[in-house]
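Novice: So the sequences go chain by chain: G and Z. Residue numbering for the first sequence follows the working numbering, beginning at 1 and increasing consecutively. Residue numbering for the second sequence follows the working numbering, beginning at 1 and increasing consecutively.
Don't read these hints as lab results, they were simulated from the structure. Bear in mind that the values here come from a model prediction, so they are computed numbers and not experimental data. We put the beta carbon where it would ideally sit given N, CA and C, even for glycine. Warning: the hint list may mix true and false statements.
Okay, the calculated bits of chain Z under chain G, using three or more residues with CB under 8 Å as the criterion [as the list claims (entries may be wrong)]: (1) 8-18; (2) 67-73; (3) 111-125; (4) 250-262; (5) 285-296.
Mimicking PhoX-like on lysine-lysine, the simulated pairs with C-alpha atoms at most 20 Å apart in a straight line are [as the list claims (entries may be wrong)]: (6) G:5 - Z:267; (7) G:12 - Z:267; (8) G:5 - Z:144; (9) Z:12 - G:267.
Protein chains: 2
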Amino acid sequence: MYSEKMYGYGAKSSIIREIFSYSQARAAVIGKDRIYDYSLGNPSVTAPKEVQEAYRHTLTDMSPLEVHGYTAGPGDMGTRNAIAEDLNERFGTDVTGANIYMTCGAAAALKIAMCALYEEGDELLTLTPFFPEYEVFSESAGYKFKPVTSEYGTFQPDIAKLEEAITEKTKVLLLNSPNNPSGVVYTKEKLKAVARLLQQKTAEYGHQIYIISDEPYRELAYGAEVTFIPKLFRNTIVCYSYSKSLSLPGERIGYVCVQPEMEDADKLYLAVCGAGRALGYVCAPSLAQQVIRQCVKVRPDLQPYIENRNLLYGELTRIGYECIYPDGAFYLCVKAPDGDTERFCEKAKKYDVLMVPGECFAAPGYVRLAYCVDHEMIKRSIPFFEMILEEYRA
Amino acid sequence: MYSEKMYGYGAKSSIIREIFSYSQARAAVIGKDRIYDYSLGNPSVTAPKEVQEAYRHTLTDMSPLEVHGYTAGPGDMGTRNAIAEDLNERFGTDVTGANIYMTCGAAAALKIAMCALYEEGDELLTLTPFFPEYEVFSESAGYKFKPVTSEYGTFQPDIAKLEEAITEKTKVLLLNSPNNPSGVVYTKEKLKAVARLLQQKTAEYGHQIYIISDEPYRELAYGAEVTFIPKLFRNTIVCYSYSKSLSLPGERIGYVCVQPEMEDADKLYLAVCGAGRALGYVCAPSLAQQVIRQCVKVRPDLQPYIENRNLLYGELTRIGYECIYPDGAFYLCVKAPDGDTERFCEKAKKYDVLMVPGECFAAPGYVRLAYCVDHEMIKRSIPFFEMILEEYRA
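Start from the sequences, fold in the hints, and give me the full structure.
Specialist: Structure follows, in structure tokens:
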């Protein structure tokens, strides 16, 4: 009498959330300082001072009716113009507010973009490893979801495998760089090769293939250049979120950008509006939109993440673990010493070190450590990583 | 290359929004004081002082990481418990936080409830007049949407017509009292008759029929009793929003309540969680959740709406218009003098009086006036209503 499909999505709870719940219960027993929880991608850096001040000013300076009132469905035009201007300055694009659709975070942006593009029979490809909700969003939008295995050990796109996977039915390639869960930033060369391949396949099959670029970690890169994909491939829809960059994950604020030079850009933008409407998104939260309008140029303080990355990567490789060097985001993939991630996670759990098995992300043989944590926690956890590896050597 | 269906939802823009845009453009030309805009249901009463203070306190007293961090998918447990307690106190229910799922407003709540219940072939009924988005939400969820005509002149449920409309495929009856666009509050007798009919039909067809009760106007009733429908009919999902009651329409905060005594309540609740997940709702906006936790017992200041209702209804009937007496919400249905609403709206527009034709809400022959406006605007508009009626008499 209810939808079995939706029940399935609700009942099969996320392993990450389960570990997090275990962590909270365990912390209540042995104390927070003795839990080494690397499970959750919740920013550990406080929202920048400018953002906190924008919240206060907005509530003081604007009338409550204005602050908390409906905005237009696609969002406040002042906010959208400010975002467009910032994109143009940084990436040399020709975006206007009319190309921006404000969303309740990246999840909503992805779901809306997928629904706006979907036609009967379409397939959606993504590269491993990937955020597990991609499968839920795309399948429930109607797509056949097809993960494409990336190069093992680097998690860069495997162009040959991608070529094999593309069929007449391929409508979307969903990319995520900097990547969750690997922290890998795709190189410009690889992305150029991806773009060439999609252009070639578009010509071959005579219909458009789109990139949906999921960019919540765009600002979280530690030296490596994050290529702005629309500059390489015209038919790219950008999905952005301020969750990680401005440490506002709970506020659900982000956007979809439909580049003006995309084919049928105006109609596609209306399809985005229509998808948002049909999915029940009336407008993105209005106060958060006002804050973003004032903070489009604010960038996160990366120093804590860089220090965490350097400490964790440095120590784990020194001890003898095999890790994939993360250029961005706040995730590190560590290889299970004998390839058995379940065993690795179980061993770690005995020392109250909590990690997520890579199988959740189609990264078999690896575990994911989210290092958006207290720096001291990382330090305290290192001896346990040594003991865990000792166990394998014993 | 994009979804024609979503393009359709995006391109066919809402007439209400169109009138509102016209109003803003016209106001820029002739001045705001000379426009009599009755088109939009945006609360004209400022958010209560307690709500404004809760916003400020939350940002000052809680750490930004806590305020702006992810909550659990179904929402912050403190907020959910507070809502459950308030419902129990007011309606004698046995709800707990585990029955509440926080949403991005009523639109999200409705869409999520519809998706949680939908099985192939299901039909959804609603009573005329109705909020036009009901059709968009239910159709895009898969339902066949079937409006049932209400009693003409009172807009109370027509039990005979409802009985005719129910078939083996009927899964949901969507109710909205106090009603948008009529302001009518369904009487307890009528709702009891609806409940009896659904029970009888459930027995007859051997499968459950559900009520989805859309209650954004629950607190906006001016004397008439608003019946809490789950007390009359067990299988009722309540969809609530703080948009109108606390004047926070842009903040997108509301909830779904799955009563514990519903059939398969636990599984249905998981289906609600799954639908929220699949639709891209990660959690309801976190700051707004904290504000609601502190303000569940705050009620709106109804006096301005009562004064507006009395003035507008009193004057229009005095002049000679036929109106449906509104017991709640902030809408009034006025009959077009010759039954032609398009002509009525056009005549009014000449005097810069802006109204929405009832055809938008399946209320032919009527126009909707949203009286959530400045009291003085109503006063200034009355002479124009007299002139309009004079034109018909000439």
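Novice: Verify this for me: three or more residues of the region 67-73 of chain Z with a beta carbon less than 8 Å from a beta carbon of chain G.
Specialist: holds (count 7)
Novice: Given as covered by chain G, does the region 8-18 of chain Z meet the bar of three residues or more with CB within less than 8 Å?
Specialist: holds (count 5)
Novice: Check the hint pairing residue 5 of chain G with residue 144 of chain Z against an upper bound of 20 Å on the C-alpha distance.
Specialist: holds, 19 Å
Novice: With a cut-off of 8 Å between beta carbons, are at least three residues of the region 111-125 of chain Z near chain G?
Specialist: holds (count 7)
Novice: Run the distance test for residue 5 of chain G versus residue 267 of chain Z: straight-line Cα separation, threshold 20 Å.
Specialist: With Cα atoms ~12 Å apart, residue 5 of chain G and residue 267 of chain Z stay inside 20 Å; holds.
Novice: Would the hint linking residue 12 of chain Z and residue 267 of chain G be met if the CA-CA limit is 20 Å?
Specialist: holds, 12 Å
Novice: Do three or more residues from the region 250-262 of chain Z put their C-beta atoms closer than 8 Å to C-beta atoms of chain G?
Specialist: holds (count 3)
Novice: Between the region 285-296 of chain Z and chain G, are there enough contacts, at least three residues with CB-CB distance under 8 Å, for the coverage claim to hold?
Specialist: holds (count 5)
Novice: Run the distance test for residue 12 of chain G versus residue 267 of chain Z: straight-line Cα separation, threshold 20 Å.
Specialist: Answer holds: residue 12 of chain G to residue 267 of chain Z is near 12 Å, not above 20 Å.
Consistency with the previously given hints is maintained throughout, with no hint failing.
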